[in-house]
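**Q** Respectively, the protein sequence lines represent chains P and L. Heads up, the first sequence is in our numbering, so the first residue is 59 and it goes up one at a time. Heads up, the second sequence is in our numbering, so the first residue is 361 and it goes up one at a time.
Rather than coming from a laboratory, the hints here were simulated on the basis of the structure. Heads up, some of the hints might be wrong.
Unchecked claim - With a straight-line cut-off of 25 Å between C-alpha atoms, the simulated SDA-like cross-links for lysine to any residue are:
| id | chain 1 | residue 1 | chain 2 | residue 2 |
| --- | --- | --- | --- | --- |
| 1 | P | LYS471 | L | ALA454 |
| 2 | L | LYS815 | L | ALA454 |
| 3 | P | LYS445 | L | ASP797 |
| 4 | L | LYS815 | P | GLN462 |
| 5 | P | LYS200 | P | SER327 |
| 6 | L | LYS723 | P | GLN462 |
| 7 | P | LYS423 | L | GLN722 |
| 8 | P | LYS471 | L | LYS815 |
| 9 | P | LYS423 | L | HIS506 |
| 10 | P | LYS356 | P | ARG317 |
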Amino acid sequence: MAVTNPLGIDLDQYKFGFHDPEDKYAFKSRKGLDREIVETISHMKSEPDWMRAVRLHSLGIFEKKPNPTWGGNVGEIDFNDIYYYVKPAENQGKTWDDVPADIKRTFDRLGIPEAEKKYLAGVGAQYESEVVYHSLREEWTKQGVIFLDMDSGLREHPDIVREYFGTVIPPEDNKFSALNSAVWSGGSFVYVPEGVHVTIPLQAYFRINAQNMGQFERTLIIAEPGSYVHYVEGCTAPTYTSDSLHSAVVEIIVKEGARVRYTTIQNWSKNVYNLVTKRAVAYRDATMEWVDGNLGSKLTMKYPSVYMLEPGAKGEILSIAFAGEGQHQDPGGKVIHAAPHTQSSVVSKSISKSGGRAGYRGLVKVYPGAHGSKCAVRCDALILDDKSRSDTYPTMEIDETDVQVTHEATVSKVSDEQLFYLMSRGVNQDEAMNMIVRGFIEPISRELPMEYSVELNRLIALEMEGSVG
Amino acid sequence: MSSHPSAVTSGLDRDLIVRRSAAADEPAWLRDQRLAAWEDFVRLPLPPDATEEWRRTDLRPLDLGALRPLEVPAPSPGTGPRPQKPRVAGGLPALVGDPSAAAGLRLVVDGVSVQARLAPDLAKAGVVFTSLDDAVRSHPELVRPHLGSVVQADENKYRALNAALWQGGTFLYVPEGVEVDLQLVTGTWLTAGGVAFLPRTLVVTGERSRVTLVELFGSSDAAPGGDAAQGAVRTFAGHAVELVPGRGAQIRYVNLEDWSRSLWEVGIVRAVVGRDSTVNTLMIAFGAGLVKTNVESRLLGEGATSEMLGVLFGDGTQHFDYHTLQEHAAPNTTSDLLYKGALKDKARSVFAGLIRADHGAQKTNAFQLNRNLILSEGARADSMPKLEIMANDLRCTHGASTSRLNDEQIFYLMSRGLPRATAVRMMVDGFFGEIFDRIPVETVRAWLSGAIERKMAGYV
Numbered sequence: 059m060a061v062t063n064p065l066g067i068d069l070d071q072y073k074f075g076f077h078d079p080e081d082k083y084a085f086k087s088r089k090g091l092d093r094e095i096v097e098t099i100s101h102m103k104s105e106p107d108w109m110r111a112v113r114l115h116s117l118g119i120f121e122k123k124p125n126p127t128w129g130g131n132v133g134e135i136d137f138n139d140i141y142y143y144v145k146p147a148e149n150q151g152k153t154w155d156d157v158p159a160d161i162k163r164t165f166d167r168l169g170i171p172e173a174e175k176k177y178l179a180g181v182g183a184q185y186e187s188e189v190v191y192h193s194l195r196e197e198w199t200k201q202g203v204i205f206l207d208m209d210s211g212l213r214e215h216p217d218i219v220r221e222y223f224g225t226v227i228p229p230e231d232n233k234f235s236a237l238n239s240a241v242w243s244g245g246s247f248v249y250v251p252e253g254v255h256v257t258i259p260l261q262a263y264f265r266i267n268a269q270n271m272g273q274f275e276r277t278l279i280i281a282e283p284g285s286y287v288h289y290v291e292g293c294t295a296p297t298y299t300s301d302s303l304h305s306a307v308v309e310i311i312v313k314e315g316a317r318v319r320y321t322t323i324q325n326w327s328k329n330v331y332n333l334v335t336k337r338a339v340a341y342r343d344a345t346m347e348w349v350d351g352n353l354g355s356k357l358t359m360k361y362p363s364v365y366m367l368e369p370g371a372k373g374e375i376l377s378i379a380f381a382g383e384g385q386h387q388d389p390g391g392k393v394i395h396a397a398p399h400t401q402s403s404v405v406s407k408s409i410s411k412s413g414g415r416a417g418y419r420g421l422v423k424v425y426p427g428a429h430g431s432k433c434a435v436r437c438d439a440l441i442l443d444d445k446s447r448s449d450t451y452p453t454m455e456i457d458e459t460d461v462q463v464t465h466e467a468t469v470s471k472v473s474d475e476q477l478f479y480l481m482s483r484g485v486n487q488d489e490a491m492n493m494i495v496r497g498f499i500e501p502i503s504r505e506l507p508m509e510y511s512v513e514l515n516r517l518i519a520l521e522m523e524g525s526v527g
Numbered sequence: 361m362s363s364h365p366s367a368v369t370s371g372l373d374r375d376l377i378v379r380r381s382a383a384a385d386e387p388a389w390l391r392d393q394r395l396a397a398w399e400d401f402v403r404l405p406l407p408p409d410a411t412e413e414w415r416r417t418d419l420r421p422l423d424l425g426a427l428r429p430l431e432v433p434a435p436s437p438g439t440g441p442r443p444q445k446p447r448v449a450g451g452l453p454a455l456v457g458d459p460s461a462a463a464g465l466r467l468v469v470d471g472v473s474v475q476a477r478l479a480p481d482l483a484k485a486g487v488v489f490t491s492l493d494d495a496v497r498s499h500p501e502l503v504r505p506h507l508g509s510v511v512q513a514d515e516n517k518y519r520a521l522n523a524a525l526w527q528g529g530t531f532l533y534v535p536e537g538v539e540v541d542l543q544l545v546t547g548t549w550l551t552a553g554g555v556a557f558l559p560r561t562l563v564v565t566g567e568r569s570r571v572t573l574v575e576l577f578g579s580s581d582a583a584p585g586g587d588a589a590q591g592a593v594r595t596f597a598g599h600a601v602e603l604v605p606g607r608g609a610q611i612r613y614v615n616l617e618d619w620s621r622s623l624w625e626v627g628i629v630r631a632v633v634g635r636d637s638t639v640n641t642l643m644i645a646f647g648a649g650l651v652k653t654n655v656e657s658r659l660l661g662e663g664a665t666s667e668m669l670g671v672l673f674g675d676g677t678q679h680f681d682y683h684t685l686q687e688h689a690a691p692n693t694t695s696d697l698l699y700k701g702a703l704k705d706k707a708r709s710v711f712a713g714l715i716r717a718d719h720g721a722q723k724t725n726a727f728q729l730n731r732n733l734i735l736s737e738g739a740r741a742d743s744m745p746k747l748e749i750m751a752n753d754l755r756c757t758h759g760a761s762t763s764r765l766n767d768e769q770i771f772y773l774m775s776r777g778l779p780r781a782t783a784v785r786m787m788v789d790g791f792f793g794e795i796f797d798r799i800p801v802e803t804v805r806a807w808l809s810g811a812i813e814r815k816m817a818g819y820v
């Protein structure tokens with residue numbers, strides 16, 4: 059593999075998607091969603107009764123709630139034409155040797171093992187709805203760090219899961235959080251004990267493989283006081299002709315003085331509806347950081363949130379969106395100041411091209427009594443041609459006088475002067491355009507772990523091919 | 361109130377339209393337009409409060425069915441303003457300021473024109489400045505093509521109500537090439553309570569003309585001391601303004617309201633700005649219990665320009681909701697918006713501003729800024745600047761900020777020997793300063809200065 063591509067992704071092949079034969083699935087539910095399917099999922103997983111009750115309760119809410127009328131067009135999703143549960147192989151792989159060969163082949167293409175050797179503390183690679191491979195370095199285990207797939211988390215640590223599950227994002231929150239709460243499968247469970255700093259990022263790869271398969275992972279991260287963890291979620295999916303649905307819920311609890319960073323590079327294939335609810339609560343002097351990159355999917359609606367509940371809490375959201383042909387990226391973020399002296403910043407960079415639509419939708423909310431709070435929101439958009447569209451919908455609700463809240467947004471094209479300058483230095487036009495776009499997103503890409511930063515730049519380069527007429 | 365024999369005491373209904381239209385001898389096309397709008401009014405639901413546009417402003421306490429029509433004696437054609445004793449009521453003179461500063465002045469009390477004058481040279485040049493009622497009869501060829509073409513009846517229930525039952529109103533026409541240096545002013549005062557007051561304004565100008573129209577609104581409080589929340593008798597003002605500049609022409613439009621607190625207003629000010637034309641709007645809101653107004657500049661021709669300014673100052677439980685639109689539908693268009701709001705006590709403001717650049721609107725230059733100054737615990741400002749951009753060769757920027765008075769700066773001023781009240785006043789003046797500098801009408805600036813003084817009285 060080329061030196062500039064440490065993940066070993068063969069982008070030329072990757073561009074067109076790849077998938078494995080589907081006959082290796084151990085169990086595949088019938089299409090559609092009803093009480094029976096939900097009970098089957100719960101039964102297959104041998105879950106405790108309370109979880110089954112949560113699922114059934116959530117199903118009722120999902121059925122009652124209407125589709126959102128804002129954001130993208132979700133009206134085309136046929137909820138009855140989706141498999142809600144697919145289990146690829148019977149047992150979890152204990153070591154790399156136990157992982158089935160065809161699944162390994164898929165991961166080889168994504169470059170996971172190589173990356174792991176070099177950097178990773180642990181890998182929870184989600185293939186379809188069940189995590190099949192999981193490892194965690196012994197040192198973290200010794201420190202009491204738990205990094206499991208969510209199903210195992212529920213089995214092995216039912217008390218912790220029960221204490222926190224659904225407390226940050228209740229099923230009532232929105233239609234898709236209700237759907238996830240009813241049919242969730244997989245996702246990550248991370249528990250970091252008091253004072254423990256996990257210095258190497260925890261990573262999990264997710265892939266959707268079966269046609270018309272919904273993927274509903276559920277992630278719960280608990281950072282005890284004074285701890286630190288960086289969780290990295292990367293998503294890739296091969297291209298298919300009919301639409302898939304991905305609807306995850308991510309709940310994060312950042313306790314006093316702790317810091318959690320959650321990084322996502324989302325590159326679902328361009329027929330996936332990516333409707334995700336992500337939210338963190340930050341207590342006294344805690345810091346929550348979302349780094350959210352959206353490159354793939356047909357439609358993404360995802361607004362990672364930070365609820366700052368106690369004094370000194372901080373929230374930071376970095377968001378990148380890239381929309382090409384047929385894509386609608388509607389990401390954003392919410393920062394909720396519910397205590398004095400809380401601080402937040404939101405930086406969004408969106409790029410739209412070839413008829414794509416990208417933007418930012420956000421909320422800044424300052425509750426009464428959250429005095430001394432500060433918030434700055436900055437949104438920049440680049441539109442690369444006259445067929446594409448950029449939207450910016452920030453909302454500010456300020457109920458407190460002693461605050462500083464600012465918002466700025468700019469939409470512009472790639473400057474002719476910059477292009478001309480680079481070309482006058484002998485850089486060809488394609489590469490010049492590429493450099494400008496890379497510079498545009500640099501404030502965010504520099505925050506990524508190195509291999510992701512490189513991957514992001516490669517993906518952008520791939521998307522930018524032929525963008526100069 | 362008038363005791364004119366044609367006055368009706370029933371509510372707002374279809375019969376009222378028919379009766380009024382007949383009494384005023386309106387042409388059939390207008391009566392039909394009104395009746396069609398009435399159908400829209402009946403058919404359309406109240407705006408659902410769940411939608412983004414309406415969810416921050418609750419108009420449910422306003423019962424349209426409980427409102428009485430404003431009874432105005434039908435004007436007798438040809439006589440112009442009635443030669444009755446000038447009932448220049450209440451705060452109207454204070455609102456108007458120095459009347460000699462205006463090139464034309466119309467004063468209207470409870471729908472009755474009590475004074476109307478226009479500089480003779482302008483009248484001679486063909487400028488028409490009259491009530492819309494009169495213009496329908498005197499200049500149908502100027503009114504008919506434009507009335508209802510910019511603000512349509514079927515947009516929502518409030519627009520439909522205005523289109524069906526508008527009364528009086530203002531019509532301004534400036535012929536090709538005529539440049540009016542001094543402003544034309546309408547001062548409107550309302551003493552009646554519990555009524556639906558539905559004025560309509562239409563400004564049509566010819567090529568390369570230039571004019572400034574200042575509309576001033578105020579009322580005596582029918583339910584004294586009644587803030588929006590408690591006011592039992594509610595008065596409703598539903599205003600629709602259509603601005604149609606000619607090619608290369610400039611219209612400056614100033615709308616200043618100092619309604620009493622028992623009045624709620626739902627308004628629309630919309631300009632369709634064609635090739636090389638310019639429209640400047642300035643909205644000033646100090647009064648009323650609740651204001652929900654849309655201010656829109658649709659830039660439809662190449663080289664169109666719009667400046668949109670807003671000054672709001674809320675106290676008590678006042679609620680101001682401004683939705684603005686800068687629509688760039690043609691290449692090489694420019695818009696520049698600045699809305700500033702100060703909020704005291706438990707006042708609340710909502711600013712939702714959209715910049716939209718349509719496909720093909722290359723070389724658009726759009727700017728939008730909303731700044732809010734919160735003066736009291738309990739005041740609240742919601743700000744929703746929005747961009748929807750479908751062209752790539754352009755520059756669109758928006759910004760919003762909400763802050764309170766800077767203690768350090770006040771301390772500095774006080775350390776130089778200024779009393780706190782003066783220091784605060786200077787800070788507030790400074791906050792509004794950048795808009796003041798852009799207000800072209802001296803009388804409006806003077807009024808604003810006094811109005812801010814009054815709002816700040818007793819603030820520490």
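**Q** Can you give the numbers of the hints that this structure goes against, from lowest to highest?
**A** Hints 1, 3, 5, 6, 7, 8, 9 and 10 contradicted; others consistent.
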